[in-house]
Structures are given as C-alpha cells and as structure tokens.
Amino acid sequence: MAEVVNVRLLKAGDKLQVSHGATVVVVSNPLDGVWIFARYLASPEDPSLEGTEDMIFAQDIIEVLEISGD
Amino acid sequence: MAVSESRIDHLLLKDEIEQFLYQEAELLDERQFEEWLDLLAEDIRYWMPMRRNVKFGELDREFTREGQDISWFDEGKDTLVRRVNQILTGVHWAEEPLSRICHSVSNVQILKATPSMSQPTEVTVKCRFLIYRNRVQTETDFLVGKREEVLRSVNGQWKIAQRKIILDQNVLLAKNLTFFF
Amino acid sequence: MATKTKGRFVNGLVDMKAGKISREIFVNEEIYAEEQEQVFTRAWLFIGHESQVPKPGDYFVSGMGEESVILCRDREGALHVFLNSCRHRGMKVCRYDEGNTPVFTCPYHGWSYATDGKLVGVPFFKDAYHEKLDKSKWGLVEVAQMEVYKGSIWATWDPAAPPFTEYLGDFKMFFDLSLEAWNGTDEPLEVIGGVQKWLIPCNWKFPAENFSGDSYHNISHRSVDMVGIGPSGTGRRDTQERADSRRLQVSFPDRGHQTGIYVLPGGSPTAASYQQSPEVADYFREAEEKRRAIKGEWGRVTGSPGEIFPNTALHPRQPRSIAVWHPRGAHQTEVWRWYLVDAGAPYAVKDFLRQYYIRYSGPGGLTEQDDMENWNYAHSASRGTIARRHPYSYEQGMGSEQTNFELDGLKIPGTVMDLTEAKSSEQNLRNFYKRWAEFMDAPSWDELADWR
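Protein chains in written order, with the working numbering: chain U, 1 to 70; chain E, 71 to 251; chain D, 252 to 703.
Please keep in mind that the hints were generated in silico from the structure rather than gathered at the bench. Check the hints yourself; a few may be wrong.
[Claimed, not checked] Simulated restraints on C-beta separations: (1) E/Gly137 <-> U/Arg8: 31 to 37 angstroms; (2) D/Leu384 <-> U/Ser48: 18 to 24 angstroms; (3) D/Ala395 <-> E/Ser174: 32 to 38 angstroms; (4) D/Gly484 <-> E/Leu181: 34 to 40 angstroms; (5) D/Lys383 <-> E/Gln138: 50 to 56 angstroms.
Beta carbons are placed, not taken as given, at the ideal position from N, Cα and C, and that holds for glycine.
Just chain U, with the same shape it has in the complex (with noise of 0.2 angstroms):
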C-alpha cells in the first residue's frame, strides 16, 4: 500500500487512484486535509460516474498515481 497522503498538499490535476478501482483528477482542493473534489477518469465498477464531479474522502484514495505538472 502507498504511504499516507496528506490530502492538503493535493492540487488541481492530480491523478489518484480511489477505491471501487476508479480514478479521479483533483478538480479543486478545499484545503481541510479531508476531502478533495474530483472528477472521476475511469470507474470500471460503475461506468455512470466516469466524467462526474464528487467529492472525495482522504480514506478513499489509494494512490497518488500523477503530479499535476504545472
């Protein structure tokens, strides 16, 4: 399993992996160290979400996967 994530650090285009198998990028951050909200890339369990925004919980993400470049 990847190292804890301090979600505060989270910026905009991110790509994590999350639970349920899916992948998100950060749409934006609310800096509570909690959540971050996310569009969902990939969602092989539940396709309906791919291209949904949500809101994602600290536990739920697996793994850094990309830095957002800029």
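Given the structure of chain U, go ahead and fit chains E and D onto it with the hints provided.
Relative to the frame of chain U, chains E and D by itself:
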C-alpha cells in the same frame, strides 16, 4: 562595520542589555512608574497586536496589523504618561488598591546592533516575558509572551524606542491591562 | 394582552413597584441556567457586521449566549448563522476565528458542510451508510431568523420572535445613531479589523445595566477624566456638544431597549471636536454639518450609551463601538467589542479613531477598566448567603418618568427622564430588568409581544 564583532563584544552587550531590562522590570515591580517613564524614548512606539486562530497556510493573518487593525495597546509616550498618571491619581479603581506584580524577563537575544556590537547606539532585542499579576485577594493573572524591541542610546543611557509585545493569548484571559509589559 | 402583574421574577425577584432587585438574579446558578433558555434562545442577538464577511465563503465565528456560531456568506452571496457543532458527534466544525472556505469539515469523522449549511460530504456514504442517511436532514443547525439591519447582523433561535425591526420598535431611530455614517447618510461603516474578546469575572447583567443608562457612576471615571484621553486632549471625550444639550434618558417598556441621548437647542453651532488633529476635526465638523442638514430637527439628537435587550451595548458617538456581553456561567462574562468607522473615511481619520477607541474602551481602555473593577467586585460581594438576602436599590427617579415628552418641537418617543437638572436616574435600568423579568416568566412570545 569597521570593528569586527567578537564574542566578547556580544557577551558584554548582552549583559548590558539584560541588566537594563532587569532594571526596567524592577522599576515596574516596585511601582516606580515615573522613573520607568524616563526609560522611554520621546518617540516610543509601544503596541500589542491581537491574535487570531487562522488556518494553516494563512498565518500571515494571525496578528492584527500595525497601524490598521485593533490591538490591545498602541501607545506613544504621551498616552503612556497618561496611563501612569491615571494610576497615580489614587482613584483609578482598577489599580486601587495597587496590584502586586512581578515581571520576569528572559531569553534575551541581541538581534542587531548598529553601528557595531562594540559601540552600539541602537540595539534590536528579542526576549520573553512572564508577568505575574495579583490583585486584591485572589485575582491572579499570568501573562506570557515575547517582546521585540529597539533600544536607543541617548546621552549614554539606554531608552526604549520601540516595543512590540506578542502576547500568547487569543481571548484575553485578564480582565484588564492596567499594567505595563 | 400579557399578564405582567406578578410572577416569580416580575414584581417578585425584580420588584419594580418597590424599586428593588434581588441579588439572586446575578449570582444564582439555577436562575442562570433558566436564563439561557428563557432569554438567550428567544431574544435577538448581535452576530456581527456585514463588512466582516463581504465575499462568498467568508466566515466569522461569533456567539449566541454560551454557544459558538458561524456567520457565513454562501456561494450565492446569502448570509447564514449556524451552530458551530457537527450534527454527527458535536465537534466544532470551525476552530478558526475568521477566514474564507468552500466547506466546513468536521475533523472528527470527516462530515463536511457547504457554506449554506447543507451536509455534502459523508465518509463511506455508500459503503457504510448504504446511501440510507438522509443528508438533507443533517445540515448544520441554522438560526430560526436572521436579519441584516443597516449593516448589523442579528439572529434568533426562536421562530416566534417578532421580526427584528419590530423587536426594535421605536428604539430603531436611536440604534441608527450607531449605524449611520457620521454624516447621517447610509454610507457604509466598517468594523476595524480585530474584535476584542476578553473575560471578566461578573454576571453579564452588570455590564448590560451599565450601558442601559447608568448615569450615576461618573465618580468611577474621575481618574480618566483627570488625565485626559479625549480626542481634544482633555477628559475622556469632547464635552461641548453635551454641555449645550438637554440630557435625556429614553426607554421602551415593551421592548426592554434604552439609551441616553443629548438634544441640542435648534440652531446650535457645531461644537468643535477632535481638536488634537486638524484633519480629523475638519472631517467631523463637515460630517456633523451634513448630518444636521439631512436630519433637520432630528439632527439635534446625539446618542450616548444604550442597550438593545438583552446583551448588545451601544456607544454611538465617542467612541463608536458595539459590545456583546456573552454569558459564561453566572459568574463570568466574555466581552466581545467591535469598533466602527466610516468605510470611506481617510486613513488619518481611521487611524486617529482606532487609537482613541482602544485607550477608551476594552481591557486596555482607561475608562472601561474602572467599570470592570466595579462589576467584578459587586458580583463577588453578592455571592454570599447574607448578601443575597439584601436586594439592590433601584429607586432613583421613580415617579419622575414622562411619556409624550416634547422638547422644543421634538416629540421624543418612549419613556423619558430629563437628567439635565436631575443629573441621574435609574429608569433605564428599571426598564432593562422589567423586560428581563418578563422574559424569565413568560412561557412564549405570545406573552412577550403584547404591543400586538
């Protein structure tokens, strides 16, 4: 800087400044208010900002701003004289009877000495204070924090030119600030 | 029509027929607990000022009675006042004093609320709750009513309370003296950054009564008058305008609000003020001339300390400040003090006022310090068994009150006491406590709003 700042110069200056600050504390503790006023430069700025609880990453908003926002004190020599005069009327009920007070000054650091450590005319100092104030029967306050100050040599005598008092409290836990930091 | 002839408090512990008030109402912890229910859940309470939360997402943590509340402007620009407590397990959702945020997230289990109070984030909503929790029922507890009155923000927990302007009644015109610009227009005020907050060891009703119109305690402020911190270098304020005026106290028995006022004769010259700074003196002279031109006859009226029931204190003129006396148990009060200036005033004026205000009021204020000493030890000397048997005296000026008071063509509403010769009266204090007793006895607003 014509003369190099040796450790001896620093040690001597720090001792001199400490003795000055202890002497100042002594005057206040002994209620020698008028003698204390003599230690203040005519253009002294004496102020104490308030502090907010702010989010991590926004600590630049922790303190109320000098010259802009409300602070606990924002004084010059004139108003400090008036504060002393009020105590000396003997009918300033908030200080009548007089409080018992003890100023502990510590962690004295010389941050800057101009033009030199060996012959300074102005010194920037940081220190800590612990003020114990006891009033009437059981009323007791502990005020703790830091002071950032500038001392200026005037006719061979140190005077306090600037004092910024950094109190480590948000809601003030004392009912009044009738004493000096 | 409400029955106010006798209750446990009305003409009981608060005996307005005899002009006596039992010390129990200040020091008794059971009465204090009842008061939290009877007064603080039902009255309108001051929250803050619009200038503190100008943009969406701005918030300021305030208080209502003992409780922490969040004043917040949502994404659409609407203001809300919420209880600062997570609906799940109670943790404070905001332990900062003020700032800007898109959400309020509880640190304990992670529940998250939008700035309109809606519950938007519930961890493991699918996995643990199976999406069965009805989020719409678990938003932050919001006040029953909130109103913005000339920039001031008020709230009440009681849906049955009359709307705020009705709650104010005819006191409105006197509250306006604290809220309008110095020139009498509705140009905006702003709160100078930083609300003073400090603890004082007395029941909140000591300061509340003081600001209601304790005209008798000038002896306590003799020392500050002697040293001279006023804006013209003497006393604690400019006095010429007052010296030229008739001094009145005005109270509203139905509402429990009261204030002192000064009424100038018609055609009075503008008294010099703020003489320590020519720029500030000019600013106030021009403002005063404009104010009188705009207000006509009512420009003859200036304000002095007043109180909006229960615990909002007004200083309309020198200094201009609003304070709230938050109850912290029977024996302690947390004072919050806001200082107000014209938003459009030049820096030199704001700077001058800022320095004047804090040497007058607050814990470092040479005037307020002596008040607090009195409140502190009046309270502590009243806690004993014997002390509690002996009521306080509130008889001063009983029987001298006037209604339908007219002064050189000005009809002053409410109950008026003329202090010009009398020098002092306790009518405003009697008015405050009479209303307090009514709140303590009344089962609901049906009994309290008897002007309807």
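Against the structure shown, which of the earlier numbered hints fail to hold, in ascending order? Of the numbered hints, just 3 does not hold.
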